[in-house]
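Chains as they are written, first to last, in my numbering: chain L, 1 to 322; chain X, 1 to 256.
Keep in mind the hints are simulated off the structure, nothing from the lab.
No residue lacks a Cβ here, since even glycine has one placed at the ideal position from N, Cα and C.
Be aware that one or more of the hints could be misleading.
[Unchecked claim] Chain L is nowhere near these chain X residues, computed Cβ spacing over 12 Å in every case: (1) Leu26; (2) Leu30; (3) Asp48; (4) Ala93; (5) Leu97; (6) Ala116; (7) Phe125; (8) Leu135; (9) Pro142; (10) Arg163; (11) Leu168; (12) Leu172; (13) Pro185; (14) Ser187; (15) Ile196; (16) Leu239.
[Stated by the list, open to error] Each computed PhoX-like pair below joins lysine-lysine, with the alpha-carbon atoms no more than 25 Å apart: (17) Lys16/X with Lys8/L; (18) Lys16/X with Lys152/L; (19) Lys16/X with Lys141/L; (20) Lys2/X with Lys124/L; (21) Lys16/X with Lys124/L; (22) Lys16/X with Lys2/X.
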Amino acid sequence: MAAIEAEKLRRTYRQTSGFVRRRTKTIEAVRGIDFEVNEGELFGLLGPNGAGKTTTIKMLVTLLIPTSGAARVLGHDVVHSARTVRRNIGYVFGGDRGAYERLSGLDNLRYFSELYGVPPKVQKRRIPELLELVGLMGREKERVEGYSRGMKQRLHIARGLLHDPPVVVLDEPTIGLDPVGARELRNTIAELAQAGKTVLLTTHYMYEADALCDRIAVIAEGEIVAEGTPTALKSVVADRTVVEIEAYGLPAGALERVRASPGVTSVSVEEREHVQLLLVQAPKGLELTQQLLGCLGDVRVGRVAAREPTLEDAYVSLVTGS
Amino acid sequence: MKALRLVAIGWLFQMKMLSRSSFDGLLGILWPLFFATTAFFMFRTSHDSRALLYAALGSSVMGIWSSTSVAASSALQRERWYGTLEAIVGTPAHFSLVLIPITLAMSTVGIYSMAATLLWGRFLFGIGVHIVHPLLFVIAVPTTVLAIGLLGFLLSVTVVRYRTAWALGNALEYPVWLVCGFLVPLSLFPDWVRPISWALAPTWGVRAIRQAALGGAPLWPVAACIGLAALYGIAGTLLVDTVLRSARRTATLSLT
Numbered sequence: 001m002a003a004i005e006a007e008k009l010r011r012t013y014r015q016t017s018g019f020v021r022r023r024t025k026t027i028e029a030v031r032g033i034d035f036e037v038n039e040g041e042l043f044g045l046l047g048p049n050g051a052g053k054t055t056t057i058k059m060l061v062t063l064l065i066p067t068s069g070a071a072r073v074l075g076h077d078v079v080h081s082a083r084t085v086r087r088n089i090g091y092v093f094g095g096d097r098g099a100y101e102r103l104s105g106l107d108n109l110r111y112f113s114e115l116y117g118v119p120p121k122v123q124k125r126r127i128p129e130l131l132e133l134v135g136l137m138g139r140e141k142e143r144v145e146g147y148s149r150g151m152k153q154r155l156h157i158a159r160g161l162l163h164d165p166p167v168v169v170l171d172e173p174t175i176g177l178d179p180v181g182a183r184e185l186r187n188t189i190a191e192l193a194q195a196g197k198t199v200l201l202t203t204h205y206m207y208e209a210d211a212l213c214d215r216i217a218v219i220a221e222g223e224i225v226a227e228g229t230p231t232a233l234k235s236v237v238a239d240r241t242v243v244e245i246e247a248y249g250l251p252a253g254a255l256e257r258v259r260a261s262p263g264v265t266s267v268s269v270e271e272r273e274h275v276q277l278l279l280v281q282a283p284k285g286l287e288l289t290q291q292l293l294g295c296l297g298d299v300r301v302g303r304v305a306a307r308e309p310t311l312e313d314a315y316v317s318l319v320t321g322s
Numbered sequence: 001m002k003a004l005r006l007v008a009i010g011w012l013f014q015m016k017m018l019s020r021s022s023f024d025g026l027l028g029i030l031w032p033l034f035f036a037t038t039a040f041f042m043f044r045t046s047h048d049s050r051a052l053l054y055a056a057l058g059s060s061v062m063g064i065w066s067s068t069s070v071a072a073s074s075a076l077q078r079e080r081w082y083g084t085l086e087a088i089v090g091t092p093a094h095f096s097l098v099l100i101p102i103t104l105a106m107s108t109v110g111i112y113s114m115a116a117t118l119l120w121g122r123f124l125f126g127i128g129v130h131i132v133h134p135l136l137f138v139i140a141v142p143t144t145v146l147a148i149g150l151l152g153f154l155l156s157v158t159v160v161r162y163r164t165a166w167a168l169g170n171a172l173e174y175p176v177w178l179v180c181g182f183l184v185p186l187s188l189f190p191d192w193v194r195p196i197s198w199a200l201a202p203t204w205g206v207r208a209i210r211q212a213a214l215g216g217a218p219l220w221p222v223a224a225c226i227g228l229a230a231l232y233g234i235a236g237t238l239l240v241d242t243v244l245r246s247a248r249r250t251a252t253l254s255l256t
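Let the hints inform the model, and build the full structure from the sequences given.
What follows is the structure, encoded as structure tokens:
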């Protein structure tokens, strides 16, 4: 049996505007997606901002009712058996909101233990274990408002595990964390999977998905555009090469010229402090460097290099449909 | 048993949270004293010690109602600001067992308002506190607190669905002072106001407290208070599932 199942899962939001003449607009956040997460699997839901990741997660953890379609957690329907689903799932928020800031981390964990129906005897053992797991032991009596972002995120993880759920859902848990904090958190997530939990992780960090996930579904504009292991997804662009060009101030129209250049399959730009990094995908073996530099005109160019495609390149290719 | 434990722990948790803000604490101390002072100045022209005690008791229940009506609604709004509303809805606990301790904690703070009002009246205005039926007074006070807490619970259910419904608590604060007869006898109001007053537990609560203190038959008002409290509790519990379902359908839980 799959631990998580989504069948034609769809969710729309209605937005109204105007005062006298009310106008209603329907936004399709999730457009009938299907996926399954097996027991004990670490599954990644990967997509850009606004792709529908959080909406999907919120339907699975019973905070939103699907517009149509169905979702089950360990065979329990998320609409009709919401309470049973909540007993079996741990939801870990992303970001630093979601805790009682004026109280201590320990107070937060005690209160949520009660809400999850954890017996007092079990709480006495479980809370110190979790504090140890997330590295908050010794800081648990301090007010949450004095915690760093990383500490708050680790408190969310401890809270999501209080009732020892077989399924854990983490919504962009490393967002806004410093590199060291993010790496520690990734280690904790890997430990959860090693302990036999089914983990569903949403992220838009490729290296995170690549390092942690057994399988990944790429979601874009509310639809799953690809699903498979990180290696299988990388194979989507295995027949390509990536040319990286550092440009100092791309002129208007240059990007369009590169995009229209013969042989180019995909173009993206990463903004870095004073430089723009142009990432051009093209079929392997095709020599495009001179042609691309010609498209850029007089712009000052820094490093130019060709490399093998990564999962991130596969992701760019999938979400842009190129 | 588990439900009772959850309510008790939730109450303790809310009390702890209330104790963490010194500014709120200061306001909580001063606010009932303003009510009491206003009431004493209104009634002291009569030079009747019973009238002054009548006013003192009325203003003390005013304090309980104000802290519950305003604070209970805003407490739930605070859950939205903290981002904890989704976290608590996502737990398997019945949501009414989360809401009731919030409003009961606010009503409990209101008990201070009763003690402060009576002591303020005793030491500053020389109002003697002679209770005719002490045992019934001791029963009437917690019954009133419980009933007001459950009325606050019924109000706060709406805040789960409508994020601006916290203003309802503020809007109802002063009308309830009047229609429940905290300061002015109900006989002064038009007849059509009476059914509204009867449907509100604070009307019976203040009547029970006054009759226990000044003499009368407080048992009937206590019984009415208990009956209405049970009704609010049942109505709120039934309503909370519908309201939560609606909030999950319209995606309003995460909105601030």
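Going through the hints against the structure:
Annotated as non-interface, Leu26/X keeps its C-beta farther than 12 Å from every C-beta of chain L; the closest such distance is 16 Å. Under the 12 Å C-beta cut-off, the non-interface status given to Leu30/X relative to chain L holds; the minimum distance is some 21 Å. Residue-level check passed: Asp48/X sits 46 Å from the nearest beta carbon of chain L, beyond 12 Å. For Ala93/X, the shortest C-beta to C-beta distance to chain L comes to about 4 Å, within the 12 Å cut-off, and the non-interface label is violated.
Distance check for Leu97/X against chain L: the nearest CB is about 9 Å away, which does not clear 12 Å, and the non-interface claim fails. Interface exclusion of Ala116/X from chain L stands, the closest Cβ pair being 24 Å apart, more than 12 Å. Phe125/X, annotated as away from the interface, keeps every beta carbon of chain L farther than 12 Å; the closest lies near 37 Å. No beta-carbon of chain L comes within 12 Å of the beta-carbon of Leu135/X; the shortest separation is about 34 Å.
Every beta carbon of chain L lies more than 12 Å from that of Pro142/X, the smallest distance being close to 23 Å; the non-interface claim holds. At roughly 15 Å, the least C-beta separation between Arg163/X and chain L is larger than 12 Å, which holds for a residue marked as non-interface. Residue-level check passed: Leu168/X sits 21 Å from the nearest beta carbon of chain L, beyond 12 Å. Even its closest Cβ contact with chain L, about 26 Å, leaves Leu172/X beyond 12 Å, as expected for a residue assigned away from the interface.
In this structure Pro185/X is separated from chain L by more than 12 Å, as the shortest Cβ-Cβ distance comes to about 42 Å. A cut-off of 12 Å between C-beta atoms confirms that Ser187/X is not in contact with chain L; the least separation is 44 Å. The Cβ of Ile196/X sits about 32 Å from the closest Cβ of chain L, beyond the 12 Å cut-off, so the non-interface label holds. Against the 12 Å criterion, Leu239/X stays outside the reach of chain L, whose nearest CB is about 17 Å from its own CB.
The hinted pair formed by Lys16/X and Lys8/L fails the criterion: a straight-line CA distance of about 45 Å is larger than 25 Å. Between Lys16/X and Lys152/L, the direct Cα distance comes to roughly 20 Å. Compliance with the 25 Å bound is thereby established for this hinted pair. Annotation: proposed proximity of Lys16/X to Lys141/L holds, straight-line Cα distance about 14 Å (limit 25 Å). Annotation: proposed proximity of Lys2/X to Lys124/L holds, straight-line Cα distance about 17 Å (limit 25 Å).
For the suggested pair Lys16/X and Lys124/L, the alpha carbons sit about 20 Å apart, so the restraint of at most 25 Å is met. Pair hint Lys16/X plus Lys2/X holds up; C-alpha atoms about 21 Å apart against a cutoff of 25 Å.
Of the hints listed earlier, those the structure fails to meet are numbers 4, 5, 17, in rising order.
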